[in-house]
Amino acid sequence: MSLLRSEPAFFDNLPEVRLPFSPEALTSLEAGQLVSLSGTLYTGRDQTHRRLCALLEDGKELPVDLVGQLLYYVGPSPARPGRVIGAAGPTTSYRMDSYTPRLLALGLAATMGKGARSAEVRQAMLAHGAVYLAAIGGAGAFLSRCIKKSELVAFAEAGPEALFRFEVENFPAVVINDLAGRDYYALVAAAKKKGEG
Amino acid sequence: MREIDSNEIRKAVRDMAIAAAHDLEPDILEALLAARDRETGELAWNILDLLLTNADIASRERIPVCQDTGTGILFLELGQEVHIQGDLNEALQEGVRLGYEEGYLRKSVCDPLTRKNTGTNTPAVVHLEIVPGDHLTIRFLPKGCGSENMSSLAMLPPAAGTEGVVRHVIDRVLAAGSNPCPPMIVGVGLGGSFEKAALLAKKALLRPVGEKSARQDVAVLEERLLREINAKGQGVHGFGGITTALAVHMEIFPCHIASLPVAINIQCHAHRHKEIVL
Ligand code: SF4
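The listed protein sequences correspond, in order, to chains A and B. First residue of the first sequence: 1, per my numbering; consecutive thereafter. First residue of the second sequence: 1, per my numbering; consecutive thereafter.
Worth flagging that the hints you see were computed from the coordinates, not collected in a lab. Since the structure is predicted, the reported quantities are computational estimates derived from the model, not experimental observations. Glycine included, each C-beta is placed from N, C-alpha and C at the ideal position. Keep in mind that the hints are not guaranteed to be accurate.
Stated by the list, open to error - Reference excerpt, derived from the structure (chain B facing chain A, CB under 8 Å, subset only):
| no. | residue |
| --- | --- |
| 1 | R62 |
| 2 | G79 |
| 3 | Y104 |
| 4 | L105 |
| 5 | V109 |
| 6 | C181 |
| 7 | G233 |
| 8 | H237 |
| 9 | C268 |
Using the sequences plus the hints, can you model the full thing?
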């Protein structure tokens, strides 16, 4: 369709942040800030979380060290031959809420998905010094191009729900919950209310 | 009696599954474009712009618009003068299976108890209606679950009235927050029975985006709902702005004197749908 522009420059000029986050980078993130992520992250959604927490329950070791890492909630579509990966946008985060505090307690530094987190997760993030980011939901084809490498780490039997390690470049995301305890969705709602007030 | 070969149906469904995942239809593209051009929030404008770019990349590079390529929902209108050679349901399911396999689409269907993936994205959900004539119309609506999970059904007391319906719909849409990837299309099914309301809400999504109800009072209600939802300012992905919803489509059906069923089926901006007439 000729109406479409090919490259949005806006997303090319975001402040760049390396993954995994350095302690300084983590502290500098502010709710509402748009960032461009480059580096490595891990992926997981419903079945990965179920399996990780079952391993913890049984006192077993996890297949990956999550300390300081970012866990991205995504179940990619299969890669066509010759491609790194298929579409790979975020899935809704609240489904992971019941598992997240356990992983944050282990030292997971950041999670990324879409949609608001529960009060328990927000509290756990504050307690353990972790942040939450939103990726652009429904932009799976665009985000696919930001993933330069994908490696299966565990739970192959879970298909699209397996745990992968991604290498990403210029992957755009919005900081939702920062270390100061701010929540961007709540800030947007509050600003709107104030405007009406 | 007109004969339609089930092989033809299987192939049509396969092709629709692949096309739906990659090529958005003009109705949703135009709605996104119009929303972008109206949008005042900077982040919201840029995300709408990115969604148009995303659709462009998807179509050109054959990467699905969204990784959640959905549960297959099939709506069939079967002319009563058509005779199908072979097994219709098998042809539909096999078409979905082939489309998801050969199109590199994500298989997202699992057993509700064991959560074991069926591995084929089947079974698809099939709705069949018998209509006059000698054609078969098949509509394919792959439905992602970020939006489907935010849907709901309520049996309101008739005393709730129009105002009660409006409040209920707005409450549900706002409670969904950014989970269903707004801007969304809100399908409302009003009246009928428990299951009819849900089906109406889903069928409302089959209407071209933004097309008004043919019934004047319903069209007025659709417009009011859209205006009030967008006035709340949640906006694109919950980041603020004036585009929480692209459209509200309401389908209605008479109901029992003691009943007022309201179903809300939410659809995301990745509104994928295809149609074929055989
Ligand atoms: S809600 Fe729609 S756009 Fe968002 S992830 Fe699900 S299918 Fe994709």
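Broken hints, by number: 2, 5
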